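Asker: Each chain, letter by letter, is given below.
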Amino acid sequence: MKTHPLRRGGLIALLACLIFAPLVALAVDDPSEMLPDPAQEQRAEAIGAQLRCLVCQNESIEDSSADLARDLRHVVREHVAKGESNQQIMDWMVNRYGNFIRLKPPFTIGTLLLWVMPLLALCIGIGIAWWTFRRPRAPTPPPLSDEERRRLSDLTETR
Amino acid sequence: MSEQPSSPTRRRLLMAAPLVVAGGVGVGFWRMLSGMTRGSFDPHDIHAPALNRPVPDFTLPDQAPGTGFSAADLRGLKAPVLVNYFASWCIPCVAEMPVLNVLKDRLPIWGIAYKDKPEHALGFVQRAGNPYARIAADHDGLAAIDWGVSGVPETFLVGPGGIIRWHTASPITEAMITNTIMPLADSLKS
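Protein sequences appear in the order of chains A and B. Here our numbering is used: the first residue of the first sequence is -17, the next is one more, and so on. Here our numbering is used: the first residue of the second sequence is 31, the next is one more, and so on.
No wet-lab data here; the hints were simulated from the structure. In this text, all values refer to a predicted model and were calculated from it rather than measured experimentally. Incorrect hints may have been included.
[Stated by the list, open to error] The calculated label-pair distances, taken between Cβ atoms and stated as ranges, are:
id: 1; chain 1: A; residue 1: D49; chain 2: B; residue 2: R83; range: 36 to 44 angstroms
id: 2; chain 1: B; residue 1: R68; chain 2: A; residue 2: D49; range: 49 to 57 angstroms
id: 3; chain 1: B; residue 1: M45; chain 2: A; residue 2: L134; range: 50 to 58 angstroms
id: 4; chain 1: A; residue 1: M99; chain 2: B; residue 2: R105; range: 54 to 62 angstroms
id: 5; chain 1: A; residue 1: E15; chain 2: B; residue 2: L214; range: 21 to 29 angstroms
id: 6; chain 1: A; residue 1: T138; chain 2: B; residue 2: G56; range: 26 to 34 angstroms
[To be verified] One-sided excerpt, in silico: chain B residues whose CB lies under 10 angstroms from chain A:
id: 7; residue: L90
id: 8; residue: K145
id: 9; residue: D176
[Stated by the list, open to error] Example chain B residues on the side facing chain A (calculated, C-beta under 7 angstroms, incomplete):
id: 10; residue: G54
id: 11; residue: A94
id: 12; residue: T97
The beta-carbon is built from N, C-alpha and C at its ideal position, and this holds for glycine as well.
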């Protein structure tokens, strides 16, 4: 069965919408919150996506509809509009809420295990695989004795 | 002769490994959960970096029935003061009020009404009994962000010179007062 190309295109578009919709479903529920300059707004959203909402804790402030998240979004946009760099805004936030506000924690002694865990897991996996395959194969069986040879030929020749 | 049988001790060791790991994880979770019920572990506890730093710059307007204050007021102090963020719409704040009302005779408490309507904050303080020596209003919640406040109630012990010496993001309890706040406040006085 052949589908009309236009219909198939529509289907793909719908699918794309369904897949990517959650990515753009931000909690900026008031358009007046957004900055008039689209480039600045985009930067503010990118910064906000890296900041943890301290109320919901596992959401970024861009995704959260908590009151404090809205205030922090507002603060981020103010700083962006003032022309501060991403680093400056991030430092401002860390200065107030500590590294906890960063969804991507910096590499420190405390987060060492967190960062090296993927590598560690890979090494452990390779280690286990190596250890398993290294085991000696079963030794080759000794050649048949005369007695066994005779029994074998008896068995095959009875037919 | 077929495959060489693996030694029984090695096989048992391999079978025990997942059990040991699961057991270890189980003990970890159990300790976390029991710590949550006993109060020694709080996953919501945010370790604010405000400790041992001077109070942030701010000036806040009056909140009836008290007068507001600024960073300069706190920095000019010679004795410790408890700074308590509260709001009329916050249930844990209601819960800590009786404790604050007992504490106020031993340690001055300054209140900041967080994102509250002035008449609501006034009503709250009148109903609960006013423990605050001074009360300020943080209408837009921006001063709270400078303090690193993530919700109400949140309390800071500010020592002489306006240095933040202690902080909690949970309601004040009697145990906190006897075990932590008063010993610390007394040590800051001398």
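Asker: Confirm or reject each hint.
Answerer: Hints, one by one, checked against the model:
no.: 1; hint: A/D49 / B/R83: 36 to 44 angstroms; result: 25 angstroms, violated
no.: 2; hint: B/R68 / A/D49: 49 to 57 angstroms; result: 30 angstroms, violated
no.: 3; hint: B/M45 / A/L134: 50 to 58 angstroms; result: 39 angstroms, violated
no.: 4; hint: A/M99 / B/R105: 54 to 62 angstroms; result: 44 angstroms, violated
no.: 5; hint: A/E15 / B/L214: 21 to 29 angstroms; result: 41 angstroms, violated
no.: 6; hint: A/T138 / B/G56: 26 to 34 angstroms; result: 59 angstroms, violated
no.: 7; hint: L90; result: 16 angstroms, violated
no.: 8; hint: K145; result: 7 angstroms, holds
no.: 9; hint: D176; result: 6 angstroms, holds
no.: 10; hint: G54; result: 15 angstroms, violated
no.: 11; hint: A94; result: 23 angstroms, violated
no.: 12; hint: T97; result: 25 angstroms, violated
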